[in-house]
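Residue-level listing of the chains:
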Amino acid sequence: GQNIDQPTEMTATEGAIVQINCTYQTSGFNGLFWYQQHAGEAPTFLSYNVLDGLEEKGRFSSFLSRSKGYSYLLLKELQMKDSASYLCAVRDRGNNRLAFGKGNQVVVIP
Amino acid sequence: GAGVSQSPSNKVTEKGKDVELRCDPISGHTALYWYRQSLGQGLEFLIYFQGNSAPDKSGLPSDRFSAERTGGSVSTLTIQRTQQEDSAVYLCASSLALNQPQHFGDGTRLSIL
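Listed in order, the protein sequences are those of chains D and S.
Going by our numbering, the first residue of the first sequence is number 1, and it counts up by one from there.
Going by our numbering, the first residue of the second sequence is number 1, and it counts up by one from there.
Careful: at least some of the hints might be erroneous.
Stated by the list, open to error - Pairs of lysine to aspartate or glutamate residues, derived as DMTMM-like cross-links and limited to a Cα-Cα distance of at most 20 angstroms, are as follows: (1) D/LYS102 x S/ASP106; (2) D/LYS102 x D/ASP92; (3) S/LYS57 x D/ASP92; (4) D/LYS102 x S/GLU20; (5) D/LYS102 x S/GLU44; (6) D/LYS81 x S/ASP106.
Simulated from the structure, these hints should not be mistaken for lab results.
Chain S with its partners taken away, still in its complex shape (with noise of 0.2 angstroms):
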């Protein structure tokens, strides 16, 4: 497609349930990003990866977050266990490199009852 694609757009699960977000960027761009959004809120930095580099996962904000990018293209994102607090909106964004403006997916919107 021509732009950055996330699926679920929405998902609902119970507190406990593993999740698992997926990203779809942009062809050909060698950056991908993770954000949270929650209500009110600015944009959380989680993770990203770079081309074949080890991805900076430094704003992953516990260790049941966790990201893959695989073939250097699709990501997901797995939260384990999830908490209430984990509610938010997850938006992706992919660049054609680091140095280059990013472009946003519609986002996942977690709800965890």
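If we strip away everything but chain D, and leave its shape as in the complex, we get (with noise of 0.2 angstroms):
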């Protein structure tokens, strides 16, 4: 099985720097992704992770250490529609499901 941990919430000012973790624990990890999901609306994909190391896409960042169980979504020049729940999902090897954690509510203010 899969087991997802992600802090709830978190609070940033706009134009900051904020850096969302995720730790991990599977039997045969096969990739992780990182999804946005504003309130009331469905979850959009930003990024995905099946090798060490960072992946860079515009503001955001993703980062993956396997051995570690570990990643983490970087947010650059934070807007004020980045305030959202970030969620982090492991797919595993041995069925290909995608296990979700809890998701980590970000709030961006002035």
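Grab the two chains, each in its own frame, and use the hints to assemble them into the complex.
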């Protein structure tokens, strides 16, 4: 099975940088996804990591360390529209299912 | 359409009734997934379909839940004899293949009175 852990909420100032962490335990790691979910809306795909290291995509970057069972999502130059829940999801090699964490609620203030 | 389409967007029904939720995946996507999201909770996997393979039903919470995918496209999730604890947002997602990012619909908000 899989165990995904994310902190629940954080507040940050517009223009700042915020790092959202995710730790996981899985019997057969086969990729980690980050999704953004605004209140009342569907999750939207942000990034995918399957190898160790940093993936950069504009203002968002995601890092993975498979040996530590750890990933983070870095949001730079925060904008008000970045206020949302950020979900970490891990795929298990054995069954190809995605196991989601409960999400980290980021609140951006002026 | 361009994205995953789910209907209805909202459903209110009485305890004990059956409900049917529909999902139209993105055209050409071979994998289709159903999740449930309760208030303040993460997404709970229910079932996925991949091509013509037997679906993975291991996430269905009870035998009151079932799902079909006809013709490799549209899927319906059926909940029989609904209970109040079934109240949640039911999300459908599709992907080009199992190892590709999943794209979500806007969900069906189900409320059991």
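Does the alpha-carbon distance linking D/LYS102 and S/GLU44 stay inside the 20 angstroms limit? Holds - the C-alpha atoms of S/GLU44 and D/LYS102 are around 10 angstroms apart, at most 20 angstroms.
Take a quick look at whether D/LYS102 and S/ASP106 sit within 20 angstroms of each other, Cα to Cα. Holds. D/LYS102 to S/ASP106 sits at ~18 angstroms (cutoff 20 angstroms).
Does S/ASP106 lie within 20 angstroms of D/LYS81 when you go C-alpha to C-alpha? This hinted pair holds, its Cα atoms lying about 18 angstroms apart.
Just to be careful, I want the Cα atoms of D/LYS102 and S/GLU20 compared with a cutoff of 20 angstroms; is the pair within it? Violated - the C-alpha atoms of S/GLU20 and D/LYS102 are around 26 angstroms apart, more than 20 angstroms.
Straight-line alpha-carbon gap D/LYS102 to D/ASP92, limit 20 angstroms: holds (17 angstroms)
Compare the distance between the alpha carbons of S/LYS57 and D/ASP92 with 20 angstroms, and conclude whether the hinted pair is satisfied. holds (16 angstroms)
In terms of the numbered hints stated before, the structure departs from hint 4 and from no other.
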